[in-house]
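> Going down the list, the sequences are from chains A and B.
Counted from 1, the first sequence has number 310 at position 310 by our numbering; the numbering is strictly sequential.
Counted from 1, the second sequence has number 214 at position 214 by our numbering; the numbering is strictly sequential.
Don't take every hint at face value.
Chain copies aren't distinguished; within one or between two, either way the pair holds.
To be verified - Straight-line alpha carbon distances no greater than 27 Å define the calculated DSSO-like cross-link-like pairs of lysine-lysine that follow:
#1 LYS252 with LYS51
#2 LYS34 with LYS150
#3 LYS34 with LYS252
#4 LYS51 with LYS34
#5 LYS51 with LYS150
#6 LYS51 with LYS324
Simulated from the structure, these hints should not be mistaken for lab results.
Protein chains: 2
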Amino acid sequence: MSASQFDVLAVGNAIVDVLSPATDEFLEQEGIAKAAMTLIDEERATYLYSKMQPGKEASGGSAANTVAGIASMGGKAAYIGKVAADQLGEIFTHDIRAIGVSFDTPPLQDGPATARCLINVTDDAQRSMSTFLGAAALVTEEEVEHDAEKVRASEIIYLEGYLFDREEAKRGYVRAAELAAAANRLTALTLSDLFCVERHRAAFRHLVANHIDILIANEAEICALYETEDFDTAIEHARGEVGIAAVTRSEKGAVIVRGDETVAVSAEPVDELVDTTGAGDLFAAGLLLGLARGNSLAEAGRMGAIAAAEVISHYGARPEVELKRLVEQAEIEIS
Amino acid sequence: MSASQFDVLAVGNAIVDVLSPATDEFLEQEGIAKAAMTLIDEERATYLYSKMQPGKEASGGSAANTVAGIASMGGKAAYIGKVAADQLGEIFTHDIRAIGVSFDTPPLQDGPATARCLINVTDDAQRSMSTFLGAAALVTEEEVEHDAEKVRASEIIYLEGYLFDREEAKRGYVRAAELAAAANRLTALTLSDLFCVERHRAAFRHLVANHIDILIANEAEICALYETEDFDTAIEHARGEVGIAAVTRSEKGAVIVRGDETVAVSAEPVDELVDTTGAGDLFAAGLLLGLARGNSLAEAGRMGAIAAAEVISHYGARPEVELKRLVEQAEIEIS
Numbered sequence: 001m002s003a004s005q006f007d008v009l010a011v012g013n014a015i016v017d018v019l020s021p022a023t024d025e026f027l028e029q030e031g032i033a034k035a036a037m038t039l040i041d042e043e044r045a046t047y048l049y050s051k052m053q054p055g056k057e058a059s060g061g062s063a064a065n066t067v068a069g070i071a072s073m074g075g076k077a078a079y080i081g082k083v084a085a086d087q088l089g090e091i092f093t094h095d096i097r098a099i100g101v102s103f104d105t106p107p108l109q110d111g112p113a114t115a116r117c118l119i120n121v122t123d124d125a126q127r128s129m130s131t132f133l134g135a136a137a138l139v140t141e142e143e144v145e146h147d148a149e150k151v152r153a154s155e156i157i158y159l160e161g162y163l164f165d166r167e168e169a170k171r172g173y174v175r176a177a178e179l180a181a182a183a184n185r186l187t188a189l190t191l192s193d194l195f196c197v198e199r200h201r202a203a204f205r206h207l208v209a210n211h212i213d214i215l216i217a218n219e220a221e222i223c224a225l226y227e228t229e230d231f232d233t234a235i236e237h238a239r240g241e242v243g244i245a246a247v248t249r250s251e252k253g254a255v256i257v258r259g260d261e262t263v264a265v266s267a268e269p270v271d272e273l274v275d276t277t278g279a280g281d282l283f284a285a286g287l288l289l290g291l292a293r294g295n296s297l298a299e300a301g302r303m304g305a306i307a308a309a310e311v312i313s314h315y316g317a318r319p320e321v322e323l324k325r326l327v328e329q330a331e332i333e334i335s
Numbered sequence: 001m002s003a004s005q006f007d008v009l010a011v012g013n014a015i016v017d018v019l020s021p022a023t024d025e026f027l028e029q030e031g032i033a034k035a036a037m038t039l040i041d042e043e044r045a046t047y048l049y050s051k052m053q054p055g056k057e058a059s060g061g062s063a064a065n066t067v068a069g070i071a072s073m074g075g076k077a078a079y080i081g082k083v084a085a086d087q088l089g090e091i092f093t094h095d096i097r098a099i100g101v102s103f104d105t106p107p108l109q110d111g112p113a114t115a116r117c118l119i120n121v122t123d124d125a126q127r128s129m130s131t132f133l134g135a136a137a138l139v140t141e142e143e144v145e146h147d148a149e150k151v152r153a154s155e156i157i158y159l160e161g162y163l164f165d166r167e168e169a170k171r172g173y174v175r176a177a178e179l180a181a182a183a184n185r186l187t188a189l190t191l192s193d194l195f196c197v198e199r200h201r202a203a204f205r206h207l208v209a210n211h212i213d214i215l216i217a218n219e220a221e222i223c224a225l226y227e228t229e230d231f232d233t234a235i236e237h238a239r240g241e242v243g244i245a246a247v248t249r250s251e252k253g254a255v256i257v258r259g260d261e262t263v264a265v266s267a268e269p270v271d272e273l274v275d276t277t278g279a280g281d282l283f284a285a286g287l288l289l290g291l292a293r294g295n296s297l298a299e300a301g302r303m304g305a306i307a308a309a310e311v312i313s314h315y316g317a318r319p320e321v322e323l324k325r326l327v328e329q330a331e332i333e334i335s
């Protein structure tokens, strides 16, 4: 394994978020699944958007939020994802580069528009997401090959489960995992979403068993993956299948297992829970940077908890303060 | 004067804001005039945007923020402004309609993109704006004629000084003022910006003297308009020239004069001053709705102060809570 240029390279859906406040009645009336991500087509996107309250637009995308978090902690990160050559694509590209993430995937010239995620945030800080995937779904082997050198030069290659919703993207993932393996790099995967796991269980199981070193999920997702209602059963299954499994449990913190080791991580206290958008993405940021730098499981988990706590204390899915400072205040040393 | 369908119809620059944090050093380095609005061309917009930190996009535009405030107070408002048929134009249109403002100006099909205002917010809550006007500048007599019925059906026609930066737009303003006068409606104008007044003093003086009933400005702007350094001199000049003049003085509140009357309005206290973007726009919202509904000068001014206080307590130029409730809490009755 040669010296790495990046701590983490992530492959994911390049999405611009539209965040609007909403009521539970609105979700019910419009048939929006609460606290989940639903894929929608352009027609439904246009309809739903017309019904939503005024919003704020900001770059999002699960794995892109994660690399934003890594950069904010002082890590070196790269990203592969597809935007269109349009205004939202410009915004996404600007934002990810402005925080120092290496991003060079060529924008789509003809085809669907840049992806948009309509996020309805209810008073209980839950976000219900309706995603029009557009150009984002068109991450293929070609996009991965375009940045093959970066893949080889990254400590960890991180894949976003959401991309499994497109066959071409799945092939791109497998290609990234192969490149990573050939360069002796670690691969990480987030299961992303309960319904995403339900839609693609067999494919996920195959990928996890054959290509993944670090598995990240929440309780519901990992239980769905291993078709069990028992959390401990799911954890033990994962322990036998991947090098490291990290499972988040909202206010109960997270559990991380590696071989015989089991580490429980507490959630960091927050003054006010405003919007849970990005909580899992930012947990992954801290965890992956910690692992890339050789921190202990407990330290890496704590870094994740600190990053997650910051992002849920305000609207929006990307950090608003320098996470590096928060990690330093917790007296965790990133080597 | 027939019964009015709208309290206020506003004509202004239809702009999407990009808000990013910035340092004073950054402003100096990039030659951005602090706490002012500078017009930039597309090339400079692209350059500056590439240098800015990650941002959040939200609909803006001075007079559009004002009608958003009026709608939030329960008033009926309409808007005339030009966006392009692009993604930022869609966002602007969505947001203004979603709050119940009547907006039907046809989007520009061929030509420049929807206007973008790059707002660098420094730690002292000051905003320094660089505006690429794009399609927004193309409000002409045609756009005003398109909504002539709404102009005639509005209690107050409100014009944004910024639009004076384009000759065609100026003619549109004069047309709106003529339509208003013919229907016995009141006209209001905000001077918008110190440098805007300096650029167009003669034209502003002519418009104010001949077409405007209600003049809104801050201290610096009204002094620049009447070429005096003395605030009282400027106020007396305005008193003799317009029906009502309202001058905002930041934390000192506002002074409103009408004939012999002079009313001083205190600024509302805020817990934390976060971002002054929209302060003047929201003061205008409260003032104009109060005047349209026949509230006293003191009440209308207080409504403006309440609306301004809400908007400077968070990032962004549009209200985030229902202003109607805040006005009710202050025991002001809007008839």
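> Evaluate each hint against the coordinates.
Going down the list of hints, with the structure as the test:
When the C-alpha separation of LYS252 and LYS51 is checked against a cutoff of 27 Å, the pair qualifies neither within a copy, at 35 Å, nor between copies, at 40 Å. For the homomeric pair LYS34 and LYS150, neither the shortest alpha-carbon distance inside one copy (37 Å) nor that between copies (40 Å) is at most 27 Å. For the homomeric pair LYS34 and LYS252, the shortest alpha-carbon distance inside one copy (21 Å) is at most 27 Å, but the shortest distance between copies (46 Å) is not. For the identical chains of this complex, LYS51 and LYS34 are intra-copy neighbours only, at 16 Å inside a copy versus 38 Å across copies, given an alpha-carbon limit of 27 Å.
Taking the closest pair of Cα atoms, LYS51 and LYS150 come within 27 Å of each other only across two copies (24 Å); inside a single copy the shortest separation is 42 Å, beyond that limit. Proximity of LYS51 and LYS324 under a CA criterion of 27 Å is satisfied inter-copy only: 22 Å between copies versus 39 Å inside one chain copy.
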